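Undergrad: Taken in order, these protein sequences are the chains called D and L.
Numbering follows the working numbering, in which position 47 of the first sequence is assigned residue number 47; successive positions increment by one, without gaps.
Numbering follows the working numbering, in which position 123 of the second sequence is assigned residue number 123; successive positions increment by one, without gaps.
Keep in mind that the hints were calculated from the coordinates and are not lab data.
Since the structure is predicted, the reported quantities are computational estimates derived from the model, not experimental observations.
Beta carbons are placed, not taken as given, at the ideal position from N, Cα and C, and that holds for glycine.
Each hint should be verified, as a subset may be incorrect.
Derived contacts from chain D toward chain L, CB cut-off under 7 Å, selection only [claimed, not checked]: (1) Glu-19; (2) Leu-25; (3) Glu-27; (4) Asn-36; (5) Ala-47; (6) Met-59.
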Amino acid sequence: MIANQFQVVALQANQLQKEFAEGKLTEDEYKELVLNIGVLQAINDDAANLQENLVYREMIINAINIAKALA
Amino acid sequence: MRNIIIGLVLLAMTGCSVVQPVIDRFTIAPFDNNEYAMINKIRTLAIQTKPKCGIENIAPFAILDYVNEMHDTALLLKNYSQYLPKNEQSIKPINLTYQMVDELKVRYEKEKKVSKTYCELKLQSIADASESIQQAIGKRPRP
Numbered sequence: 001m002i003a004n005q006f007q008v009v010a011l012q013a014n015q016l017q018k019e020f021a022e023g024k025l026t027e028d029e030y031k032e033l034v035l036n037i038g039v040l041q042a043i044n045d046d047a048a049n050l051q052e053n054l055v056y057r058e059m060i061i062n063a064i065n066i067a068k069a070l071a
Numbered sequence: 001m002r003n004i005i006i007g008l009v010l011l012a013m014t015g016c017s018v019v020q021p022v023i024d025r026f027t028i029a030p031f032d033n034n035e036y037a038m039i040n041k042i043r044t045l046a047i048q049t050k051p052k053c054g055i056e057n058i059a060p061f062a063i064l065d066y067v068n069e070m071h072d073t074a075l076l077l078k079n080y081s082q083y084l085p086k087n088e089q090s091i092k093p094i095n096l097t098y099q100m101v102d103e104l105k106v107r108y109e110k111e112k113k114v115s116k117t118y119c120e121l122k123l124q125s126i127a128d129a130s131e132s133i134q135q136a137i138g139k140r141p142r143p
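Excised from the complex, chain L in its bound form (with noise of 0.2 Å):
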């Protein structure tokens, strides 16, 4: 055992191309609770606000306090995320779905009237997005 080990920590040394690839397949940040439930939350409130598409004017369904709660919680998963160590294969997926959640805060911000269709496609993204990445980030080896 103590002989693997060894080989394969000087074959890493020696930067071999084809070892590299397995020891940072084999390095993987292990599975995060608050990671988890972030985008959980994030994809939860998607499936949540997609209904309400279109009647964005009618209280209490104000359809900008769900995108800013989505986004709130968006920027707080992209900044946690952001140094956790051998966690890089989730930080670009992540900062992705970041990226659309803020996108829709941006035009529901900017624009007076939102299309129904563009809101339904766009939480659908969203939702899918964050399905992913949940199935692949509740799949990692616990602590």
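This is chain D alone, in the form it adopts within the complex (with noise of 0.2 Å):
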């Protein structure tokens, strides 16, 4: 799901483009948005951190527990 979080930022980033240049932005409204995708991505990247720490996690409890069955 996260993969297809990045998608849909590169699509926005399109979509932008393309609402701009036909008008229906302003300048202003434009570039907040412009922003917006770098803020967007910024989050998309810090939540898949925390869920690949949460897989790291995961892997560390089975192997003490595998550390533990075999003591």
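If you follow the hints, you should be able to join the two separate chains into one complex; please do so.
TA: Printed below as a string of structure tokens:
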């Protein structure tokens, strides 16, 4: 799902350019939304890192459980 | 088992650059019902508000009411998460989400006319950001 979010960001960038070219956004709105894409990307990166860390945490717990079983 | 723990503690105490990231990854704040409920509310409000873009002057669909409620929830979440222990990884994306909601509110308060496209794209960004965060914090270990 997180990978899909990156596609959403790319789609939004394309849509934004198209909408601005068609005059549906003011310049000020366009600038804010362009910056927004970077913000959204940063949020997706952070969320992906957190999910990755949860996977690592699970791996560590499993390793400890195996070590405990072998001891 | 005790030896493994003692070994990890000793390595962590020496500031070993290899072990520290492992420790950081292990110490994650547990799942928090309030945090999850608030991010879900922001996402849901963004989804509910999007179809009302462009018709903000038609009562009772006053879009600013929805935006204000979203802003209140985002601020509440930002403040709530700020001092939860081991929660650093959530604080940044939550703050960035608040920033987006705040920009939307400021624009609606400042401008007499906000374009439908701006409203839709901004709310879509807020909904997407909230969904990413929701997915991540929803997978946290239960206490």
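Undergrad: All the hints need checking, so say for each whether the structure fits it.
TA: Hint check:
1. Glu-19: Holds - the Cβ of Glu-19 (chain D) comes within 7 Å of chain L, reaching about 5 Å at its closest.
2. Leu-25: 5 Å, holds
3. Glu-27: 11 Å, violated
4. Asn-36: Since the shortest Cβ distance to chain L is 5 Å, the answer is holds.
5. Ala-47: Ala-47 (chain D) check passes; min Cβ-Cβ to chain L is 4 Å, inside 7 Å.
6. Met-59: The hint is violated - Met-59 (chain D) has no Cβ within 7 Å of chain L, the shortest such distance being about 9 Å.
In summary, the structure is inconsistent with hints 3 and 6 from the numbered list given earlier, while agreeing with the others.
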